[in-house]
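If you read the sequences in order, they're chains L and P.
If you're matching positions, the first sequence starts at 1 in the numbering used here and goes up one per residue.
If you're matching positions, the second sequence starts at 1001 in the numbering used here and goes up one per residue.
Hints are supplied without guarantee of correctness; some may be wrong.
Claimed, not checked - Within a straight-line C-alpha distance of at most 25 Å, the following computed PhoX-like cross-link-like pairs (lysine-lysine) qualify:
no., chain 1, residue 1, chain 2, residue 2
1, P, Lys-1192, L, Lys-170
2, P, Lys-1154, P, Lys-1171
3, P, Lys-1091, P, Lys-1171
4, P, Lys-1030, L, Lys-90
5, P, Lys-1046, P, Lys-1146
6, P, Lys-1114, P, Lys-1146
7, L, Lys-90, P, Lys-1091
8, L, Lys-90, P, Lys-1154
9, P, Lys-1146, L, Lys-170
10, L, Lys-198, L, Lys-7
Stated by the list, open to error - Some but not every residue of chain P turned toward chain L, in silico, with C-beta under 8 Å:
no., residue
11, Leu-1003
12, Val-1010
13, Leu-1011
14, Val-1014
15, Gly-1015
16, Leu-1016
17, Phe-1021
18, Leu-1022
19, Ala-1026
20, Thr-1027
21, Ile-1033
22, Asn-1036
23, Lys-1194
For the record, the hints were derived by calculation from the structure and aren't laboratory data.
On a predicted model such as this, the values are computed, not experimentally measured, just so you know.
From the three backbone atoms N, C-alpha and C, an ideal C-beta is built for every residue, glycine too.
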Amino acid sequence: MATRSIKAEYLKGLWDENPVFRQLLGMCPTLAVTGTVVTGIAMGLATAFVLILSSIVVASIKKLIPAQVRIASYIVVIASFVTIADQVLKAYFYPISEALGPYVPLIVVNCIILGRQEAFSSKNSVGRSFIDALGMSSGFILALLVLSSIREILGAGTFLGYQVMGAWFKPWIIMILPAGAFITLGILLGIALLIESKTKRS
Amino acid sequence: MSLSARMILVLTLVGLISGGFLAAVATLTKERIALNVQAEIEEAIKEVVDDAAVNQVVHEEEDLLIYRELGEDGELVGFAVQATGVGFQDKITLMFGLDATLTEITGLTIIDQKETPGLGAKIEDWEAFLQFWENRDAAGHLALRKPPASTIDKLLPTEINTITAATISSKKVLGIVNLSLERVRELIKQGKMKPEEKDGN
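The whole structure should be built from the sequences, with the hints applied where relevant.
Next up, the structure:
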């Protein structure tokens, strides 16, 4: 595998290989919990916790695991971290845990996580896997932040619960409904592709 | 070591180590999670029964939990009814208060709901819905007022305002409350719940 600089290894997750905008992975939480910025960020952080720790564990034990049972082993590791995240949220951040509902346990099936173990951590050193997971997590949080900001501001007139739109503003309820998630994501993907094609041409 | 033996060994070890970690985390968080759930219930009771200080469970069945509420000095201040029923999207869990004589609903609050954001989810909203639940008649069936009245004074004591554009969610909440009231009346008949005697009766 070509050796990238540590900085490039981190930065690729933010844009070139952004899990949401470039790889289209992890669409379920991206669409489902971005109705408000708080839930979007909380989901991003919970996913980051699981991704970073499971990448470190998978990279550390990769040589001990026979190839035939690697996926099963990775899933057990991922599921354990997801359960820990879920329990900690329920114990210390109860309202956020209530708002995220079943989407925290569903991090287990987030393709970003298993995808990074299979494509990266199982072939790279612990240090590089950590940087890669950090970059991918940042890219995921960034994507959820952009999406949830647009949806909360237009759908409720607030940002992080604070009123940002004046009294004249009538909230577009569709933006906090599932349809609003698809519309916003579609437009953002279009913009991402446009930027990509413009930078390639020049 | 043969490949199958290695596969079994590795998967067993991964499972055991993960299981151990999970058991530890569950032990550490169990108590706090139970406290959070309890605090949520207690807060909901305080919202619907004024001056409630001590909660005693008087009746428990599937989807219905009735508390007897005592004030600071141990006097009966009312009852709190926690009920769960089917909403438009998913189950709705709510709590309503009854006065000590069991003739009036003192207030309603929603504990858990997954109704449509911006529409049905307004059942949690004080301005749009909950304010119209104070001092409702608990003797018979409550009915929905549609189109909604502007203030609570314009409603009959047996009427509840409908949320505009969320008639189904309003109906579902009303249905849960009406069903629970029926059960409460049955329990009074069976002598399992005792209202405070009215003065002069």
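To see whether the hints hold, each was checked on the structure:
For the suggested pair Lys-1192/P and Lys-170/L, the alpha carbons sit about 50 Å apart, so the restraint of at most 25 Å is broken. Taking the CA atoms of Lys-1154/P and Lys-1171/P, the gap is near 19 Å; set against the 25 Å cutoff, the hint holds. With a C-alpha separation of about 13 Å, the suggested pair Lys-1091/P and Lys-1171/P falls inside the 25 Å cut-off, and the hint holds. The hinted pair formed by Lys-1030/P and Lys-90/L meets the criterion: a straight-line CA distance of about 9 Å does not exceed 25 Å.
A hinted pair counts as satisfied when its Cα atoms are at most 25 Å apart, and Lys-1046/P with Lys-1146/P does not qualify at roughly 30 Å. Our distance criterion of 25 Å between C-alpha atoms is met by Lys-1114/P and Lys-1146/P, whose separation comes to about 23 Å. This hinted pair checks out: Lys-90/L and Lys-1091/P have alpha carbons roughly 20 Å apart, not beyond 25 Å. Taking the CA atoms of Lys-90/L and Lys-1154/P, the gap is near 42 Å; set against the 25 Å cutoff, the hint is violated.
About 24 Å separates the Cα atoms of Lys-1146/P and Lys-170/L, which keeps this hinted pair within 25 Å; it holds. Between the alpha carbons of Lys-198/L and Lys-7/L the distance comes to roughly 24 Å, so the proposed pair stays at or under 25 Å and holds. At about 6 Å, the closest approach between the beta carbon of Leu-1003/P and any beta carbon in chain L falls short of 8 Å, and the interface hint on this residue holds. At a threshold of 8 Å, the smallest CB-CB gap from Val-1010/P to chain L is about 6 Å, leaving the interface hint in force.
For the restraint placing Leu-1011/P at the interface with chain L, the shortest Cβ-Cβ distance is roughly 5 Å, inside the 8 Å limit, so the hint holds. Annotation: Val-1014/P was flagged as interfacial toward chain L, and the flag holds, the nearest CB pair being 5 Å apart, inside 8 Å. Checking Gly-1015/P against chain L by beta carbon gives a least distance of about 6 Å; that is within 8 Å, so the hint holds. Annotation: interface hint on Leu-1016/P violated; nearest CB of chain L at approximately 10 Å, more than 8 Å.
Hint status for Phe-1021/P relative to chain L: holds, with the closest Cβ pair at about 6 Å, below 8 Å. For Leu-1022/P, the shortest C-beta to C-beta distance to chain L is roughly 6 Å, which falls under 8 Å, so the interface hint holds. Nearest Cβ of chain L to the Cβ of Ala-1026/P: about 6 Å, under the 8 Å cut. The hint holds. Because the smallest distance between the Cβ of Thr-1027/P and any Cβ of chain L comes to about 10 Å, over 8 Å, the interface hint for this residue is violated.
Below 8 Å, beta-carbon pairs count as interface contacts, and Ile-1033/P has one with chain L at about 5 Å; its hint therefore holds. Checking Asn-1036/P against chain L by beta carbon gives a least distance of about 4 Å; that is within 8 Å, so the hint holds. The beta carbon of Lys-1194/P is not positioned within 8 Å of any beta carbon in chain L (closest approach about 35 Å), and the interface hint is therefore violated.
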